[in-house]
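**Q** From first to last, the protein sequence lines stand for chains A and B.
For the first sequence, the working numbering assigns the number 6 to the initial residue and increments by one for each residue that follows.
For the second sequence, the working numbering assigns the number 371 to the initial residue and increments by one for each residue that follows.
FYI, nobody ran anything at the bench for these hints, they're computed from the structure.
Incorrect hints may have been included.
[Said to hold, decoys possible] Listed next, with one range per pair, are the computed distances between beta-carbon atoms:
(1) D399(B) with A378(A): 27 to 37 Å
(2) A253(A) with V496(B): 46 to 56 Å
(3) G349(A) with G381(B): 40 to 50 Å
(4) A237(A) with K533(B): 45 to 55 Å
(5) A262(A) with K535(B): 28 to 38 Å
(6) D61(A) with E493(B): 37 to 47 Å
(7) G53(A) with G538(B): 20 to 30 Å
(8) E93(A) with K535(B): 17 to 27 Å
(9) S397(A) with D480(B): 27 to 37 Å
(10) A237(A) with E505(B): 50 to 60 Å
(11) G273(A) with K402(B): 51 to 61 Å
(12) A244(A) with K535(B): 37 to 47 Å
Don't be surprised by glycine CBs; every beta carbon is placed ideally from N, CA and C.
Chain residues, written in single-letter form:
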Amino acid sequence: MAQTLAQKLLQAHTDETIKSDGQIVQCRVSVVLANDITGPLAIKSFRGMGAEKVFDRDRIVLVMDHFTPQKDIDSANQVLISRRFAEEQGLTHYYEGGEAGVEHTLLPEQGLVKPGDLVVGADSHTCTYGGIGAFATGMGSTDIAAAMALGETWLKVPPTIRVNIAGAMPADLRAKDLMLMLIGMIGVDGALYKALEFGGPVIDALSVEGRLTMANMAIEAGAKAGLFAVDAQTRAYCAEHGSPCPDAAIAADPGCAYERVVAIDVTGREPVVACPHLPGNVKPVSQVGSLPVQQVIIGSCTNGRISDMRDAAAVLRGRKVNRKVRCIVLPSTPTVWKQCLKEGLMEVFMDAGCIVGPCTCGPCLGGHMGILADGERAVATTNRNFKGRMGSLDSEVYLASPLVAAASAVAGEIAGPSAL
Amino acid sequence: MIYKGKVHKVGEHIDTDAIIPARFLVTSDPVKLGENCMAGIEPDWVRRVNKGDILVAGRNFGCGSSREHAPIAILGAGMPVVIGHSFARIFYRNSFNMGLPLMEVGDAVDKINDGDELEINAETGVIRDLTNGAEITCPPLPASMAAILASGGLVGYVGERLKQKNRGK
Chain A
6 MAQTLAQKLL QAHTDETIKS DGQIVQCRVS VVLANDITGP LAIKSFRGMG AEKVFDRDRI
66 VLVMDHFTPQ KDIDSANQVL ISRRFAEEQG LTHYYEGGEA GVEHTLLPEQ GLVKPGDLVV
126 GADSHTCTYG GIGAFATGMG STDIAAAMAL GETWLKVPPT IRVNIAGAMP ADLRAKDLML
186 MLIGMIGVDG ALYKALEFGG PVIDALSVEG RLTMANMAIE AGAKAGLFAV DAQTRAYCAE
246 HGSPCPDAAI AADPGCAYER VVAIDVTGRE PVVACPHLPG NVKPVSQVGS LPVQQVIIGS
306 CTNGRISDMR DAAAVLRGRK VNRKVRCIVL PSTPTVWKQC LKEGLMEVFM DAGCIVGPCT
366 CGPCLGGHMG ILADGERAVA TTNRNFKGRM GSLDSEVYLA SPLVAAASAV AGEIAGPSAL
Chain B
371 MIYKGKVHKV GEHIDTDAII PARFLVTSDP VKLGENCMAG IEPDWVRRVN KGDILVAGRN
431 FGCGSSREHA PIAILGAGMP VVIGHSFARI FYRNSFNMGL PLMEVGDAVD KINDGDELEI
491 NAETGVIRDL TNGAEITCPP LPASMAAILA SGGLVGYVGE RLKQKNRGK
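Using the sequences and the hints, build the whole thing.
**A** Below, the structure is given as structure tokens:
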């Protein structure tokens with residue numbers, strides 16, 4: 006049977022023969038992930054199950070990244086629970102403090118996931134690793150506890166929507182724009198229970214960091230996974246990050262059965278934003294109108310990588326952030342932070358009047374480090390603009406690429422880079 | 371299992387930040403989480419709920435984050451079952467894992483109005499709207515989900531498996 010990328014990746018982790026989509030199969034997991042919010046609940050369930058030892062102490066990754074640096078006593082206690090568990094179990098990969106970064110940026114960067122892996126994480130954006138050809142999906146804490154104890158989980162083989170992206174890529178269009186365009190087309194439940202598989206000339210040319218950005222937001226269309234075939238770029242990325250990349254090709258078979266094929270032509274397209282309060286509420290940036298902005302966030306598991314920092318700096322170099330805007334830059338990992346320093350990007354950010362903060366998920370989910378007041382509006386490179394996500398129930402979040410976010414910070418209103 | 375209660379109806383694409391905003395995720399206590407259930411829709415939404423009431427939702431209920439605190443908050447608020455047009459997939463798994471049954475009924479959800487009295491037979495999947503007489507039959511659960519529910523959730527289910535595994539050693 007000609008297999009989709011999803012079928013092929015899952016088949017490598019199960020003893021059952023995958024015959025069709027919708028089949029429920031028991032799969033061995035490569036990596037199990039949790040963070041400071043979902044970890045403590047997973048640990049509670051782990052104990053409740055009567056489990057004593059994790060199935061493999063090298064394959065459990067705990068990253069303290071959401072409410073860190075610990076923002077209050079309760080969140081500090083959540084981290085404490087995770088730290089004690091990591092010590093008790095002798096976990097190899099426990100990240101806290103100066104080693105920690107936003108989990109979905111950190112894992113590929115540190116070579117902790119590799120193409121062909123099956124990754125389950127107690128965080129919905131675990132789907133990010135589809136960008137390097139891993140089958141990765143988010144689950145709840147108790148499913149993760151079961152995977153920690155057993156080293157396996159059940160998965161329903163998802164039908165696949167193939168997304169072909171072609172055309173001449175405009176200079177100010179980014180991976181974020183491509184993904185928002187797709188979600189705008191198919192809707193926030195357009196890929197519910199399904200896998201998205203990306204391809205086409207624009208995807209072939211897209212950097213691995215861009216692919217990680219797109220895969221990250223697969224969940225925003227309801228998808229179980231967002232998958233990219235493994236190519237020369239993936240191999241180069243893995244070599245650079247010390248992650249062993251299998252030699253065998255990992256790609257969909259020609260002639261495999263897709264549930265639906267979606268085509269996007271990027272020729273002549275302009276950057277987009279997702280308007281409140283759903284990621285699928287997408288408009289070209291020039292059609293949003295003149296809307297004042299009080300906060301800009303550049304960072305997160307979607308857009309906190311070095312290429313994102315370079316984009317933001319390219320817009321901010323020699324310019325000033327509007328005095329009515331707080332522009333908060335949060336490089337996602339210590340490695341990204343240090344690279345910004347080396348390249349002089351920190352100086353660009355500081356000269357422009359940005360606030361540069363630590364590696365944290367913080368404001369994306371309204372945790373800390375940049376919360377919106379009643380009636381305030383933000384442009385953010387994050388992934389969700391649900392009502393109240395970043396603070397007050399009366400605030401608004403517009404999602405955009407780092408180019409658009411940085412341009413909006415300068416303009417003081419929602420604007421693309423070409424408007425400056 | 372028979373559930374009987376008053377309907378609290380919510381709209382489409384209700385996300386987990388609406389069900390339980392992230393600022394309340396510093397605990398996993400069902401009672402505390404239940405006190406802030408739906409605080410992302412309006413701050414005191416939960417005050418309308420009496421124990422045993424039934425949540426009815428539109429398309430794609432539970433979209434967004436993987437927080438298991440969402441089904442825990444619904445259970446903590448006293449609502450033992452959710453009927454929906456459709457559910458986001460992580461929320462779907464989480465709910466059964468936590469012992470919160472979900473009934474996916476598609477467009478038939480439009481037959482149920484806010485404030486109606488419902489009677490639900492979880493075994494047969496029959497939902498009766500006692501206020502307007504409508505009857506909806508929900509397709510049966512996949513065997514794997516039914517097994518998890520029968521153990522009261524995934525903790526009990528995996529606990530049993532681990533015991534068997536240890537006995538086999």
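**Q** Each hint needs a verdict: does it hold in this structure or not?
**A** Okay, the hints, checked on the actual structure:
1. A beta carbon spacing of about 29 Å between D399(B) and A378(A) agrees with the range 27 to 37 Å that was offered as a hint.
2. A253(A) and V496(B) have their C-beta atoms about 51 Å apart, which keeps the hinted 46 to 56 Å range intact.
3. Between G349(A) and G381(B) the C-beta distance comes to about 48 Å, which sits within the given range of 40 to 50 Å.
4. In this structure the supplied range 45 to 55 Å holds for A237(A) paired with K533(B), their Cβ-Cβ distance being about 49 Å.
5. Remark: the range hint 28 to 38 Å for A262(A) to K535(B) is upheld by a beta-carbon distance near 37 Å.
6. Under the hint 37 to 47 Å, the C-beta atoms of D61(A) and E493(B), about 40 Å apart, fit the expected range.
7. For the hinted restraint 20 to 30 Å between G53(A) and G538(B), the CB-CB distance of approximately 21 Å keeps it satisfied.
8. Range check, E93(A) to K535(B): about 21 Å between beta-carbon atoms, so the 17 to 27 Å window is met.
9. At about 32 Å, the beta-carbon gap between S397(A) and D480(B) stays in the expected band of 27 to 37 Å.
10. Between A237(A) and E505(B) the beta carbon distance is about 59 Å. The supplied range of 50 to 60 Å therefore holds.
11. Under the hint 51 to 61 Å, the C-beta atoms of G273(A) and K402(B), about 52 Å apart, fit the expected range.
12. In this structure, A244(A) and K535(B) meet the distance hint of 37 to 47 Å, their C-beta atoms being roughly 39 Å apart.
Comparing the model with each earlier hint shows no violations; every hint is respected.
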